[in-house]
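Colleague: Heads up: the protein sequence lines correspond to chains A and B, in order.
Numbering follows the numbering used here, with no gaps: position 59 of the first sequence is 59.
Numbering follows the numbering used here, with no gaps: position 34 of the second sequence is 1034.
Keep in mind that the hints were calculated from the coordinates and are not lab data.
Predicted model, so just to flag it, every value in this text is computed and none were measured.
All residues carry an ideal CB built from backbone N, CA and C; glycine is no exception.
Any given hint might turn out to be false.
[Unchecked claim] Chain B regions said to be covered by chain A (calculated; three or more residues, Cβ under 8 Å):
id, region
1, 1179-1186
2, 1254-1263
[What the hints assert, rightly or not] Only some residues are given here: those of chain B computed to face chain A with a beta carbon under 7 Å:
id, residue
3, 1007
4, 1011
5, 1027
6, 1030
7, 1032
8, 1034
9, 1046
10, 1050
11, 1051
12, 1055
13, 1145
14, 1200
15, 1202
[Claimed, not checked] From chain B, some residues computed to sit far from chain A (all C-beta separations above 10 Å):
id, residue
16, 1087
17, 1230
18, 1232
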Amino acid sequence: MGAISLLALICPAAAMRLFFELFKRSFQRAVTYRAATIAGLLTNLFFGLLRAAVMVALYGARPDVSGLSLQAAITFTGVSQAIIACLNLFGSYEIMESVSSGEIAADLLKPYSYFGMWMARDLGRSVSNFVLRGLVLMVGYAALFRITAPTTIVQWLALLVALVLAWAVSFAWRFLVNLAAFWSPEARGIGRMAFGVTMFLSGFLWPLRFFPDWFVSLCNLTPFPAMVNTVIEVYLGGVSGPALAQALLTQAIWLVILIVVAQLVMRAGVRRLVIQGG
Amino acid sequence: MRYTLDIYRRLILVQIRSQLQYRASFLLDTLAAGFMNGISFLSLALILQRFEGIGGWSLAEVAFLYGMVETAFGIMDMLFSGFDPGNFGRYVRLGAFDQLLLRPIGVTLQVFGSQFVIRRLGRIAQGLAVLFFAATNLNIHWTLLKLLYMPVVLTSLVCFFGGLFMVGATITFWTVESIEVVNIFTYGGSEMMAYPMHIYPDWMRRFFTFVIPAIFLNYAPALYFLDKSDPLGLPPFAAFLAPVAGAATLLAATLFWNYGLRHYQSTGT
Chain A
1 MGAISLLALI CPAAAMRLFF ELFKRSFQRA VTYRAATIAG LLTNLFFGLL RAAVMVALYG
61 ARPDVSGLSL QAAITFTGVS QAIIACLNLF GSYEIMESVS SGEIAADLLK PYSYFGMWMA
121 RDLGRSVSNF VLRGLVLMVG YAALFRITAP TTIVQWLALL VALVLAWAVS FAWRFLVNLA
181 AFWSPEARGI GRMAFGVTMF LSGFLWPLRF FPDWFVSLCN LTPFPAMVNT VIEVYLGGVS
241 GPALAQALLT QAIWLVILIV VAQLVMRAGV RRLVIQGG
Chain B
1001 MRYTLDIYRR LILVQIRSQL QYRASFLLDT LAAGFMNGIS FLSLALILQR FEGIGGWSLA
1061 EVAFLYGMVE TAFGIMDMLF SGFDPGNFGR YVRLGAFDQL LLRPIGVTLQ VFGSQFVIRR
1121 LGRIAQGLAV LFFAATNLNI HWTLLKLLYM PVVLTSLVCF FGGLFMVGAT ITFWTVESIE
1181 VVNIFTYGGS EMMAYPMHIY PDWMRRFFTF VIPAIFLNYA PALYFLDKSD PLGLPPFAAF
1241 LAPVAGAATL LAATLFWNYG LRHYQSTGT
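Kindly produce the complete structure, drawing on both the sequences and the hints.
Modeller: What follows is the structure in structure tokens.
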């Protein structure tokens, strides 16, 4: 994290301040587009209702499948729809656009970390989406269904930690995918593929516990469950005690791995970056 | 008409030639699209196996619905990409759409010919593979009428989804931004049609019957193809309404599109 960590060493307050300012701008921008927010909210809610109806039909008369009650399964559809916007589960392409357009040149000249800058922006948008789309959607769900909620203060705290880690893992992964633009003019295609795979292996569409062991083991070799499934399991109370600690630790480990890889790839990419003048 | 077709053919050929320039990226994209939809079906199959079907329909029967929708949506997405609300919205926002208005050819034709996404072949192939899986695992009593009706249903589905894309594109004349709500009709519609319609709550099914005639394009014909009993009590001719529903959607969309064109005001950029 080159420059931002340097700045943080010399003057931690200034680095924090910069991060906060970038965060605030991006938060304000997201809040401004009210119509888009409402449209997005309706869409997320509709898909949630659709998925809940499918769950009801799948369960039929079964009270319980893989340790999940129907009520919990319906709650799952709500939580997973609620976190789409704040965790950017469908992917983002802004960084690759700034590489292809050459805008990145100006950003690299600025005396702070490129990674840190995008992270601050992403956090701003995520927090606004968490409130405007995540919380509101869960309130809607609570009005329509009998959903479950975390019961203990420990579970709420763990949920908060899991969410923050999930966002950070998601951001680091999206940052890494976007760096493909350094090498390929067709980075969008790579992004579409990478984000598509993310959807299926993260436990977004279906809780991972519904799947056979071999499929779950396959998913666990990737950072994707750390983006969605952990949050869901913590919310539903599926993990507790040492298992909970392990789940959060796994998220943290994936985060570190992805950040390190992203930094290395970024360094290699910048070295071969050629900006067309103009 | 001849002239129109000739122009369309030329526009499409340009598209194909340019997309084949980057052969590696084209192959990768096509494979990626097929692969992704492959995982999507695999995960659905694993879930249906776990739950032993849904609403009284087996995995193979759901695969029939899914395969029809995937194949048709893929074909539509190849042909109608010019109207894809996301792409088209950007066109309108940047003022690029104004250029089309200056040219001495019909605007609709130009938009139609502006995109021809051959990498969708990956999705189409995967859709056909799922259909094949369904057909080999089901004991479908094929009759001549069924064989003849099958391509009619697929074509109707393509028209239906194409109409939805056109409506989504037209809305961007006013909103400028492509709006996410349109996804409810396009992607929501295709997602919902991949399951038997009787599993949905009444309000949702009514919406996809009377507002958007989705039920006549997949569920009703599937009941006929698979000789399934109908828990909803649709009239017997409902299975044969697919071409009517497809044509009506496309026609209504075209009228709406023309209305939008007449009222188009440029963003001025």
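Colleague: Decide, hint by hint, whether the structure agrees.
Modeller: Outcome of the hint check:
Coverage of the region 1179-1186 of chain B by chain A holds. Counting CB-CB distances below 8 Å, 5 residues qualify, and the rule asks for three or more. A count of 0 residues in the region 1254-1263 of chain B with a Cβ less than 8 Å from any Cβ of chain A is obtained; the coverage claim is therefore unmet, three being the minimum. Taking 7 Å as the C-beta cut-off, the interface hint given for residue 1007 of chain B is violated, the closest approach to chain A being about 28 Å. Below 7 Å, beta-carbon pairs count as interface contacts, and residue 1011 of chain B has none with chain A, the closest being about 22 Å; its hint is therefore violated.
Hint status for residue 1027 of chain B relative to chain A: violated, with the closest Cβ pair at about 10 Å, above 7 Å. At its closest, the beta carbon of residue 1030 of chain B sits 10 Å from a beta carbon of chain A; the interface hint therefore is violated under the 7 Å criterion. Taking 7 Å as the C-beta contact cut-off toward chain A, the hint placing residue 1032 of chain B at the interface holds, the least distance being around 4 Å. Given the 7 Å rule on beta carbons, the hint for residue 1034 of chain B is violated: about 11 Å separates it from the nearest Cβ of chain A.
With its C-beta approaching chain A no nearer than about 6 Å, residue 1046 of chain B sits inside the 7 Å limit, and its interface hint holds. At its closest, the beta carbon of residue 1050 of chain B sits 5 Å from a beta carbon of chain A; the interface hint therefore holds under the 7 Å criterion. For residue 1051 of chain B, the shortest C-beta to C-beta distance to chain A is roughly 5 Å, which falls under 7 Å, so the interface hint holds. With a cut of 7 Å, the hint placing residue 1055 of chain B at the interface with chain A holds, because the nearest CB-to-CB distance is about 5 Å.
The beta carbon of residue 1145 of chain B is not positioned within 7 Å of any beta carbon in chain A (closest approach about 30 Å), and the interface hint is therefore violated. Checking residue 1200 of chain B against chain A: minimum C-beta separation of about 5 Å stays under 7 Å; hint holds. Nearest Cβ of chain A to the Cβ of residue 1202 of chain B: about 11 Å, over the 7 Å cut. The hint is violated. With a closest Cβ-Cβ approach of about 12 Å to chain A, residue 1087 of chain B is found to remain outside the 10 Å limit, as its non-interface label requires.
Every CB of chain A is more than 10 Å from the CB of residue 1230 of chain B (nearest about 16 Å), matching its label as outside the interface. Distance to chain A confirms residue 1232 of chain B as a non-interface residue, since its nearest Cβ pair spans about 14 Å, more than 10 Å.
In this structure, the hints that do not hold are numbers 2, 3, 4, 5, 6, 8, 13, 15, in rising order.
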